[in-house]
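Undergrad: Protein chains in written order, with the UniProt record's numbering: chain A, 1 to 284; chain B, 1 to 585.
Don't read these hints as lab results, they were simulated from the structure.
Each residue gets a CB set at the ideal place from its N, CA and C atoms; glycine is no exception.
A couple of the hints might just be wrong.
Incomplete in silico selection of chain B near chain A, CB under 7 angstroms [what the hints assert, rightly or not]: (1) A30; (2) K323; (3) V394.
Just a sample of chain A residues kept apart from chain B, beta carbon distances all over 12 angstroms, derived [stated by the list, open to error]: (4) R178; (5) G191; (6) T205; (7) D268; (8) F270.
Derived DEER-like restraints, expressed as beta-carbon distance ranges [to be verified]: (9) A:P125 <-> B:P400: 48 to 54 angstroms; (10) B:K569 <-> A:D263: 51 to 57 angstroms; (11) B:K320 <-> A:R185: 54 to 60 angstroms; (12) B:T490 <-> A:K276: 25 to 31 angstroms; (13) B:T143 <-> A:T205: 54 to 60 angstroms; (14) A:R185 <-> B:D134: 53 to 59 angstroms; (15) B:K130 <-> A:P125: 41 to 47 angstroms; (16) B:K44 <-> A:E269: 36 to 42 angstroms.
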Amino acid sequence: MADPNSTPEKKGMDRRQFLKNSGLLAGGLIGGGLLGSLVTNEVKDSKKGTQSGTTGGKNGADHLSDARIFFSREEDFQILAAATERIYPEDKNGPGAIQLGVPYFIDRQLAGEWGLNAREYMKGPFLNIPESNEYEDLSKTDKGRSDQGPSGDTLNPLPTPRYQSRMTRAEMFVVGVRAIDEAAREKFKNGFTSLEPEQQDEILTHFEKDEVHMPSVSSSTFFNLLVQTTIEGCYSDPVYGGNRNMDGWRMMEYPGPRASYADQIEPDEFIVLEPKGLKDYQGH
Amino acid sequence: MVTRKLEKVDVVVVGSGWAGGIVAAEAAKAGHKVVVLERGKNQKRSDFIGSKDELRYTDRFDLMQPLSSETITSRVNIDDVALPVRTQTEMMVGNDLGGGSVHWAGSTYRWRPYDFEIRSKTIERYGEGKIPKDSTIDDWGITYDEMEPYYDKWEKTAGVSGEKDPLGPPRKNDWPNPPLKESPPLKLFKKAAKDLGYHPYQLAASNLSQAYTNPDGETLNPCMYCSYCTMYGCDFSAKSDPLATVIPTAQKTGNAEFRTNALVRRVLHKGGKATGVLYTDVMTGAEYEQPADVVVLAAFTFSNNRLLLLSEIGEPYDPKTRKGVIGKNFTIQGDITFLGARGFFEDKKFNLYAGAGALGAGYSDYDADEFDHTNLDFIHGGGIELRQYGYAAVGLNHVPRDTKKWGAEFKQKSLHYAYRNLVVWYTMAVMSYWHNYLSLDPTYKDDYGDPLLRVTNKYTDQERNLARFGIEKCAEVVEKMGADIIDKDTVADDEEFDHIYDGGHYTGGVMMGPEPGTSAVNSYLQMWDMENLFVVGGSAFPQFGSHHPTPTIGALGYRAAEGVINYLKEGGGLLVQGKSAKANA
Numbered sequence: 001m002a003d004p005n006s007t008p009e010k011k012g013m014d015r016r017q018f019l020k021n022s023g024l025l026a027g028g029l030i031g032g033g034l035l036g037s038l039v040t041n042e043v044k045d046s047k048k049g050t051q052s053g054t055t056g057g058k059n060g061a062d063h064l065s066d067a068r069i070f071f072s073r074e075e076d077f078q079i080l081a082a083a084t085e086r087i088y089p090e091d092k093n094g095p096g097a098i099q100l101g102v103p104y105f106i107d108r109q110l111a112g113e114w115g116l117n118a119r120e121y122m123k124g125p126f127l128n129i130p131e132s133n134e135y136e137d138l139s140k141t142d143k144g145r146s147d148q149g150p151s152g153d154t155l156n157p158l159p160t161p162r163y164q165s166r167m168t169r170a171e172m173f174v175v176g177v178r179a180i181d182e183a184a185r186e187k188f189k190n191g192f193t194s195l196e197p198e199q200q201d202e203i204l205t206h207f208e209k210d211e212v213h214m215p216s217v218s219s220s221t222f223f224n225l226l227v228q229t230t231i232e233g234c235y236s237d238p239v240y241g242g243n244r245n246m247d248g249w250r251m252m253e254y255p256g257p258r259a260s261y262a263d264q265i266e267p268d269e270f271i272v273l274e275p276k277g278l279k280d281y282q283g284h
Numbered sequence: 001m002v003t004r005k006l007e008k009v010d011v012v013v014v015g016s017g018w019a020g021g022i023v024a025a026e027a028a029k030a031g032h033k034v035v036v037l038e039r040g041k042n043q044k045r046s047d048f049i050g051s052k053d054e055l056r057y058t059d060r061f062d063l064m065q066p067l068s069s070e071t072i073t074s075r076v077n078i079d080d081v082a083l084p085v086r087t088q089t090e091m092m093v094g095n096d097l098g099g100g101s102v103h104w105a106g107s108t109y110r111w112r113p114y115d116f117e118i119r120s121k122t123i124e125r126y127g128e129g130k131i132p133k134d135s136t137i138d139d140w141g142i143t144y145d146e147m148e149p150y151y152d153k154w155e156k157t158a159g160v161s162g163e164k165d166p167l168g169p170p171r172k173n174d175w176p177n178p179p180l181k182e183s184p185p186l187k188l189f190k191k192a193a194k195d196l197g198y199h200p201y202q203l204a205a206s207n208l209s210q211a212y213t214n215p216d217g218e219t220l221n222p223c224m225y226c227s228y229c230t231m232y233g234c235d236f237s238a239k240s241d242p243l244a245t246v247i248p249t250a251q252k253t254g255n256a257e258f259r260t261n262a263l264v265r266r267v268l269h270k271g272g273k274a275t276g277v278l279y280t281d282v283m284t285g286a287e288y289e290q291p292a293d294v295v296v297l298a299a300f301t302f303s304n305n306r307l308l309l310l311s312e313i314g315e316p317y318d319p320k321t322r323k324g325v326i327g328k329n330f331t332i333q334g335d336i337t338f339l340g341a342r343g344f345f346e347d348k349k350f351n352l353y354a355g356a357g358a359l360g361a362g363y364s365d366y367d368a369d370e371f372d373h374t375n376l377d378f379i380h381g382g383g384i385e386l387r388q389y390g391y392a393a394v395g396l397n398h399v400p401r402d403t404k405k406w407g408a409e410f411k412q413k414s415l416h417y418a419y420r421n422l423v424v425w426y427t428m429a430v431m432s433y434w435h436n437y438l439s440l441d442p443t444y445k446d447d448y449g450d451p452l453l454r455v456t457n458k459y460t461d462q463e464r465n466l467a468r469f470g471i472e473k474c475a476e477v478v479e480k481m482g483a484d485i486i487d488k489d490t491v492a493d494d495e496e497f498d499h500i501y502d503g504g505h506y507t508g509g510v511m512m513g514p515e516p517g518t519s520a521v522n523s524y525l526q527m528w529d530m531e532n533l534f535v536v537g538g539s540a541f542p543q544f545g546s547h548h549p550t551p552t553i554g555a556l557g558y559r560a561a562e563g564v565i566n567y568l569k570e571g572g573g574l575l576v577q578g579k580s581a582k583a584n585a
């Protein structure tokens with residue numbers, strides 16, 4: 001869905017249109033699972049340059065879990081998917097966010113304790129001031145690992161601790177993706193998913209620069225969350241729904257969790273290992 | 001709510017990290033009945049087998065204190081309104097059995113003679129005028145030579161693996177184990193440092209280089225360099241922590257009981273003596289009173305301070321009058337500390353997915369008072385160091401600073417540089433000031449209706465200048481290492497505390513010192529104002545030394561344990577007299 005105007009993906013859109021026209025979607029015979037899987041299959045199709053079916057393929061088994069459990073509106077999810085693909089696009093290195101399953105990863109994160117702010121202090125009073133809004137940016141907190149190295153980007157002093165919104169992250173995402181679409185319609189008279197990639201980037205840049213008004217939370221906060229979760233979805237263990245087929249790790253040459261790297265610690269040359277996930281690690 | 005009164009014990013310990021675990025083990029070994037109360041859950045090594053999961057532990061902070069009931073509030077100036085630190089991204093404090101010592105990296109350093117007598121030694125060498133403006137730095141009431149045997153004892157318990165720092169403080173014995181393996185990044189750093197005329201060495205680590213049985217009979221395994229150290233519990237007992245050492249040691253005596261999910265809410269006292277503690281079982285909500293002859297607060301800095309303030313023990317510090325002691329001399333090593341320079345190397349690619357928490361190299365040429373500060377606008381210093389923690393995939397996304405942080409360019413460069421960048425940073429000391437302190441928040445409360453702890457913390461030119469100095473020194477060695485791109489951290493003139501509480505290095509508030517009135521505890525960590533109450537941990541630091549705090553907390557744990565045992569033997573009294581009391585005697 002990242003680039004609905006490219007020819008193969010247009011075919012994907014056509015297929016969806018076909019499904020809609022045929023009444024399959026409206027009739028509920030095809031649920032969100034299958035529809036959701038279109039998100040990935042369309043990109044796969046574009047890669048192969050063919051138009052295969054919506055099930056089967058290398059990752060067919062994974063697709064049984066391709067269903068939304070957080071986003072109730074399908075269109076919200078499509079906007080999210082398109083935005084993640086701009087943040088982590090398919091390129092010569094390999095798949096982008098959609099093919100890696102990132103939209104499903106985010107959907108599940110938002111349905112769980114992280115999205116619900118279950119482990120955060122959410123008692124009032126809430127003092128929501130602009131200065132307290134910018135947070136959760138990978139580059140700005142160095143991911144909470146001062147021990148793992150400094151970065152000039154950690155230096156963003158604010159007069160208050162950052163998160164002072166009464167909204168949960170899950171609520172920020174729903175409001176956020178709708179604000180993306182609204183911004184797209186305002187500027188380009190078209191929904192976000194129908195825009196050219198450059199236009200989509202332009203909209204996202206407005207959010208990055210905090211130029212869009214959102215209630216109770218700054219647009220840059222939402223954008224930072226979106227970037228953070230997209231990167232996490234590309235590179236976290238596949239058990240969470242992203243990093244499909246460990247292709248994120250494969251692109252990065254990251255071998256996954258293992259009992260030992262004692263043989264890799266001293267050699268001078270870089271050693272590439274076939275990645276292994278938690279499933280392998282817990283299975284031995 | 002009916003409070004159930006339990007059977008009295010000799011010692012009740014609050015907190016089960018290094019400090020509490022050591023006191024519990026030593027008191028139990030000496031034959032005393034000990035109960036340890038831990039607010040978090042029970043856990044053991046098998047909890048970490050098969051759970052090397054970056055998202056769960058590094059990105060979602062599984063081992064950290066959930067903030068839903070309790071956090072801290074934070075502000076910069078003494079007249080600001082403080083706001084709560086709401087998310088775990090901004091606030092990381094250890095939790096559960098073993099405390100913060102379970103998720104630590106294993107960084108092991110002794111602080112120096114200068115640290116323990118900083119006020120006297122600074123005045124002696126440079127004169128009174130060299131003491132930073134507004135600072136309240138002080139001598140500890142104990143010297144390095146007096147601390148040495150306690151450091152030695154803790155290092156043997158932990159099985160520390162290290163190499164001698166050529167500029168390090170004097171030590172009677174070598175580290176118990178040889179250093180970890182030397183990886184290519186460490187070699188590159190050491191060679192560059194040597195070429196610049198410095199004195200590099202392999203950092204000491206509590207990640208073990210070989211199998212080791214400690215003096216208590218606990219066995220630790222050799223590190224496998226799997227990289228899941230910091231933010232994780234070790235699945236192989238190759239990182240020394242209380243779960244692998246002092247907790248089983250205490251349990252084996254049959255004299256110590258560890259109760260988890262037990263949130264201590266008050267220290268109970270009568271007639272100037274502690275009588276026990278009040279705690280809530282967080283699973284059932286039931287309230288208990290645990291009476292004891294000696295109460296030991298060995299929780300995290302924040303909890304030690306908050307419990308004293310909530311229990312109305314000691315005089316709370318007031319920055320306006322500069323009177324009182326509880327909450328005074330609070331310091332944070334973080335944010336403006338650990339700055340330095342990151343180098344990107346086009347022709348080098350390191351196996352950075354492998355590593356260990358304290359695998360690293362450093363040099364002390366710009367540490368403490370090893371160099372002349374006469375013409376410098378700060379005191380103290382820090383270590384220059386490079387670590388190979390080992391990174392998982394989300395953490396491997398460092399790109400040169402001018403790179404866009406998302407999109408095609410980010411993807412291309414993050415994949416290209418994933419294994420081609422190394423960072424060197426300055427582990428600098430942090431001084432204490434009259435305006436940085438801990439108190440109770442007037443507005444925000446926990447689930448039980450008790451006020452949250454409030455942090456007031458502000459930078460001064462001492463910290464900014466020291467950080468800038470360190471950054472230049474880090475960049476010097478990164479350049480010598482042959483980096484093609486060097487991203488130096490920057491410190492603005494108005495650089496201010498950013499309210500990010502990561503890294504766990506927050507100390508003070510219950511400071512140690514030679515005198516009652518200006519300090520809260522004596523050199524045995526015994527409260528001047530309440531002789532059967534010992535407050536142990538980073539809360540006792542009068543200021544923050546260069547390098548990480550854990551070994552000094554371990555050493556103070558052994559010092560306090562000796563104090564508790566002596567106190568019980570002698571049947572009461574202060575173990576140390578203040579200088580003025582001595583003069584009157």
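Undergrad: Starting from the range 54 to 60 angstroms, see whether the pair B:K320 and A:R185 falls in it by beta-carbon distance.
TA: Holds - the Cβ-Cβ distance for B:K320 and A:R185, about 55 angstroms, lies within 54 to 60 angstroms.
Undergrad: CB of A:P125 to CB of B:P400, is that within 48 to 54 angstroms?
TA: violated (42 angstroms)
Undergrad: With 12 angstroms as the threshold, tell me whether A:R178 passes as away from chain B on beta-carbon distances.
TA: holds (20 angstroms)
Undergrad: Holds or violated: the 25 to 31 angstroms window for the beta-carbon distance between B:T490 and A:K276?
TA: violated (40 angstroms)
Undergrad: Would you say the C-beta atoms of A:R185 and B:D134 sit inside 53 to 59 angstroms of each other?
TA: Given range 53 to 59 angstroms: holds, Cβ gap about 55 angstroms.
Undergrad: How does the Cβ-Cβ distance of B:K44 and A:E269 compare with 36 to 42 angstroms: does it lie in that range?
TA: Once the Cβ atoms are compared, 38 angstroms apart, the range 36 to 42 angstroms for A:E269 and B:K44 holds.
Undergrad: Return the status of the interface hint for B:K323: holds when the least beta-carbon distance to chain A is below 7 angstroms, violated otherwise.
TA: violated (28 angstroms)
Undergrad: Test the statement that A:T205 is away from the interface with chain B: the closest C-beta pair must be farther apart than 12 angstroms.
TA: A:T205 is in fact no farther than 12 angstroms from some Cβ atom of chain B, at 9 angstroms.
Undergrad: Evaluate the given range 51 to 57 angstroms for the C-beta pair formed by B:K569 and A:D263.
TA: Cβ of B:K569 to Cβ of A:D263: about 52 angstroms, so the range 51 to 57 angstroms holds.
Undergrad: Range hint 41 to 47 angstroms: satisfied by the CB atoms of B:K130 and A:P125?
TA: The hinted range 41 to 47 angstroms holds for B:K130 and A:P125, with Cβ atoms some 44 angstroms apart.
Undergrad: Does A:F270 sit more than 12 angstroms from chain B, CB to CB?
TA: violated (4 angstroms)
Undergrad: Against chain A, run the beta carbon of B:A30 and see if the smallest gap drops under 7 angstroms.
TA: For B:A30, the interface hint is violated, since the closest Cβ of chain A sits about 35 angstroms away, which is over 7 angstroms.
Hints 1, 2, 6, 7, 8, 9, 12, counting from the list given before, are not met by this structure.
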